[in-house]
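Visitor: Sequence:
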Amino acid sequence: MVVHELTHLKERSHNERFVELMNEFLPDWRARQEELNTAPLADEEWR
Numbered sequence: 001m002v003v004h005e006l007t008h009l010k011e012r013s014h015n016e017r018f019v020e021l022m023n024e025f026l027p028d029w030r031a032r033q034e035e036l037n038t039a040p041l042a043d044e045e046w047r
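Quick note on numbering: the numbering used here labels position 27 of the sequence shown as 27, and the sequence is numbered without any gaps.
Just so you know, the hints here were simulated from the structure itself, not pulled from any lab data.
Honestly, I wouldn't trust all of these hints.
To be verified - Label-pair distances were calculated between CB atoms; the ranges are: (1) GLU34 to GLU5: 13 to 21 Å; (2) ALA39 to GLU5: 15 to 23 Å; (3) ASN15 to PRO40: 26 to 34 Å; (4) HIS8 to ASN37: 29 to 37 Å; (5) ARG17 to PRO40: 27 to 35 Å; (6) PRO40 to ARG12: 17 to 25 Å; (7) ASN37 to GLU16: 19 to 27 Å; (8) ASN37 to ASN15: 15 to 23 Å; (9) GLU5 to LEU41: 13 to 21 Å.
Note that CB positions come from ideal geometry on N, CA and C, so glycine has one too.
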């Protein structure tokens, strides 16, 4: 997520250039994204 947000400093939109930059900075970002998207989230009560 950090690389994703830092990439937005160079490209604001999720366009082709953004994807190219992500591929350059973090070549396995798609696998990491999939892992985060499929990870179970803990259910906690926040006070």
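Visitor: Hint by hint, say whether it matches the structure.
Guide: Do the hints match the structure? See the list:
1. Between GLU34 and GLU5 the beta carbon distance is about 18 Å. The supplied range of 13 to 21 Å therefore holds.
2. Our hint of 15 to 23 Å for ALA39 and GLU5 holds, since their Cβ atoms are close to 19 Å apart.
3. In this structure the hint that ASN15 and PRO40 lie 26 to 34 Å apart at CB holds, the actual value being about 31 Å.
4. For HIS8 paired with ASN37, a C-beta distance near 19 Å fails the hint of 29 to 37 Å.
5. At about 33 Å, the CB distance of ARG17 to PRO40 agrees with the hint of 27 to 35 Å.
6. In this structure the hint that PRO40 and ARG12 lie 17 to 25 Å apart at CB is violated, the actual value being about 32 Å.
7. With their beta carbons about 21 Å apart, ASN37 and GLU16 fall inside the hinted range of 19 to 27 Å.
8. Separation of ASN37 from ASN15 is about 20 Å and conforms to the stated range, judged on CB atoms against 15 to 23 Å.
9. For the hinted restraint 13 to 21 Å between GLU5 and LEU41, the CB-CB distance of approximately 20 Å keeps it satisfied.
When held up to the earlier numbered hints, the structure conflicts with 4 and 6 and fits the remainder.
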